[in-house]
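Here is how the chains run, residue by residue.
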Amino acid sequence: MGESDVIGLSRELIALRVARELREGMVVNLGIGLPTLVASFLPPDIQVLFQAENGILGYGGLSETDFDPDLINAGGQPVTLLPGASFFDSAASFAMIRGRHVDVAVLGGLEVSEKGDLANWYLPARGGGSIGGAMDLAVGARRLIVAMSHTAPDGRLRIRTQCEYPLTAPGVVDLIVTDLAVIEVHPNGLFLTEVAPGVPPDLVDARTEPIMQHSPMLKEMAL
Amino acid sequence: MGESDVIGLSRELIALRVARELREGMVVNLGIGLPTLVASFLPPDIQVLFQAENGILGYGGLSETDFDPDLINAGGQPVTLLPGASFFDSAASFAMIRGRHVDVAVLGGLEVSEKGDLANWYLPARGGGSIGGAMDLAVGARRLIVAMSHTAPDGRLRIRTQCEYPLTAPGVVDLIVTDLAVIEVHPNGLFLTEVAPGVPPDLVDARTEPIMQHSPMLKEMAL
Amino acid sequence: MIDKVFPSPDDAIHDVFDGAAIMFGGFVSAGSPSNLILALQQRRTKRIIAIANNIGLGDKLDVLCEQHQIAKVIATFAIRASAKRQSLFEEQYHRGEVELELVPQGTFVERIRAAGAGIGAVLTRTGLGTVVQEGKQVLTVDGVDYLLEKPLRADFAFVKAWKADHLGNLVYRMAGRNFNPVMAMAAEVVIAEAEHVVETGELDPERVGTPAVYVDRVVECKPLQIRWYG
Amino acid sequence: MIDKVFPSPDDAIHDVFDGAAIMFGGFVSAGSPSNLILALQQRRTKRIIAIANNIGLGDKLDVLCEQHQIAKVIATFAIRASAKRQSLFEEQYHRGEVELELVPQGTFVERIRAAGAGIGAVLTRTGLGTVVQEGKQVLTVDGVDYLLEKPLRADFAFVKAWKADHLGNLVYRMAGRNFNPVMAMAAEVVIAEAEHVVETGELDPERVGTPAVYVDRVVECKPLQIRWYG
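Chains as they are written, first to last, in this note's numbering: chain A, 20 to 242; chain B, 20 to 242; chain C, 192 to 421; chain D, 192 to 421.
Okay, chain A solo, but in the shape it has when bound:
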């Protein structure tokens, strides 16, 4: 395991790879944790509207200066506003999410199944967890990207034939971006399309429980 532990992308590079999925004019919700970093890696020529489920559309980067308790993202972090931002209450915010007006949600994951089931809220080690907006985002977003490390810190496989942890939602994941690979979820299973620089496809296979098809266009990520 020694060598292979240092290969693969950093959290920042995972975020950067996810950012490449975003297009001009998209409305994007970033989950707590790793997904939050995606905002920092958006190409400067692309205008994306970030939605925070606590009631902001069009926020910008984290605020480094003063803390305004009323201007925070869904992770409780102070944020800045971009021109054209707006505020609304939580009923309106989840109407936006549930009603399929959010183009892309990027969430963290604990497990993803080959059918696109997502488990990301219940922490067995903690004997509990918090749902927050995850279930609504998973069900409501037009496209769901899961950004996570390919395996758990203890080596446990996270991309599985079936999720073992309680689900966030079944059959919702469209794309998985990990430190090792980019994997599409198709109706007939998983589809390996990219590997991280220096990561051999068979290593990705070895760390993924279900059998994946390899794209004929399988390539190394361009970062």
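Because the hints were derived from the structure by calculation, they are not lab data.
The reader is advised that the hints may include incorrect statements.
Said to hold, decoys possible - In silico DSSO-like links for lysine-lysine, alpha-carbon gap of 27 Å or less:
id	chain 1	residue 1	chain 2	residue 2
1	B	134	C	327
2	D	341	C	341
3	C	251	C	237
4	D	275	D	341
5	D	327	C	327
6	C	327	D	237
7	C	275	C	263
Starting from the known structure of chain A, fit chains B, C and D onto it as the hints suggest.
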């Protein structure tokens, strides 16, 4: 019929009698037509919040001067604003109505049954009608007062054993105020509590299809 | 930079097709997208399913009946109490030339909101025991009966705002809100006419009534006066 | 003249009883009625059913766990990913001393809105095929399955506004809106703390987020700082 046609209250006096039902702090919705007049007869020492279902709480009298197309009541008439008014959209407005936050609705009527059924939207002579906000107000208001002439212009009885016209809502009317009388709707039937000045109770009975109980406190309206 | 501003009402509605279901914001004179409606008249779009709170004498919507452009109306207010002056719609309705689905106003707006908010149906007591109930499922929740009313969506929504920015944020004025914010959530393509179009960033984020996500196109128009015969 | 202003948080919550279901507005540091919560701590009200988006380390709500004032929490966020620093609530939850009903956030807010808006139940796809579905009715509308989620109401709602007037109108600021407007619709008694109380008529009618009809009591309070450990 000659003599009796001139007894009873004018539309304005019906409105005045209805206004006596309103108490400090109540939220009140006035229907189109006769009920609209109620606002003009509110005692000056009583503060009532008038709700217009098109999205205003706290409007005042009709605006006599200029016409602002965005400041109208539910009848399309230009209104003024009182201090403490607010605007909201129609979803919020009917949440307020359906959610039982309106204390009193005053609606016009075509027919009221002894069970408190209300028919006030379908005009048989026209072969049609408009529901507008009437059904939601009838169902949602905490107290429903119907203000109408006791009989139709052609002499047809309007307070009936059963409504013949299509219903606005069944079992919703609490109080009927007409040119002839004030009638309460109780679970066991109608209850005549007041007659208009100079109107004998048996005249009211004669112009009311179901048998009414007469209140032991039956009195002439004080106007 | 995202820019949703179109040069004219006609440009903004260029892809509206015959047979389209179109929502029209507005309550009588307040918040009605009159310029977009007149552009629709010019385009002679046919077999329109019009979803609007009201259609009547003085409404710009009634003008679409001149050339029989409307096949069906879903509304809360369409037939007036007085027979003195009939709208074109009323005349055509009584002759059986147009279809009318009459909906209680609270149910109308909540069905539209449900479509926009991803809610499967609306459970309301409004309409129980009336003709509105016909053909609908009654559901009992904790001993209380409710009508199950289905979401109402459309191909297009025409809305009217006081101000808009280039990004598509809308600010409404007074009772001009009415059905505009929910209709903007419930249609495939949302087209807004605004009295004033300003640069993105000039609107107060606290005053935005419809966030930019909901709006596809914006056009600046002087509001037309509406004379309502109540 | 109607005047809903109370002199102190303690006066404003004078009739809160043991065992009451209380909604608390706020999302982490934004729009939290912290002064009202501390007054509740002072009163030592017991067996509270707390309905709030989040309870956690740094939340004022967690302070109510010091004297075990909370019997049950209905929330979307209560157990944190990190076990490093636990809230009092988490400790008591893991010891089985408090009950927790975890609700998806969109379902949480829509259930509250349904209670306030006279809607019989919420049909949502959120939670289908998860533990959230357990014990709930699944309804199929036009071939699509939905969970039937029941309205959520309370005896009291504690909300936080930026400004209030004597009539009870509330104006929110930025993301301080969150759950406050819907909670103000769904409780028997609604008590608002506001940073600024102004005369009736001084608030812009266009900026009112909660109309006066929903608010029973208003109290002016300096907001307390909240330190959130995310």
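Checklist entry - Quick one, are residue 341/D and residue 341/C close enough, alpha carbons at most 27 Å? => result holds, 18 Å
Checklist entry - If you draw a straight line from the CA of residue 327/C to the CA of residue 237/D, is it 27 Å or shorter? => result violated, 45 Å
Checklist entry - Holds or violated: are the alpha carbons of residue 275/C and residue 263/C at most 27 Å from each other? => result holds, 24 Å
Checklist entry - Are residue 134/B and residue 327/C close enough, with their CA atoms no more than 27 Å apart? => result Cα-Cα ~24 Å, so holds.
Checklist entry - Going straight from one Cα to the other, do residue 251/C and residue 237/C come out at no more than 27 Å? => result Roughly 16 Å separates the two Cα atoms, so the pair holds.
Next on the checklist: For a C-alpha distance cap of 27 Å, please report whether residue 275/D and residue 341/D respect it.
Outcome noted: violated, 35 Å
Item to check | Proposed proximity, residue 327/C with residue 327/D (alpha carbon, max 27 Å) | outcome: holds, 22 Å
Violated hints, listed in ascending order, are 4 and 6; each of the other numbered hints is respected by the structure.
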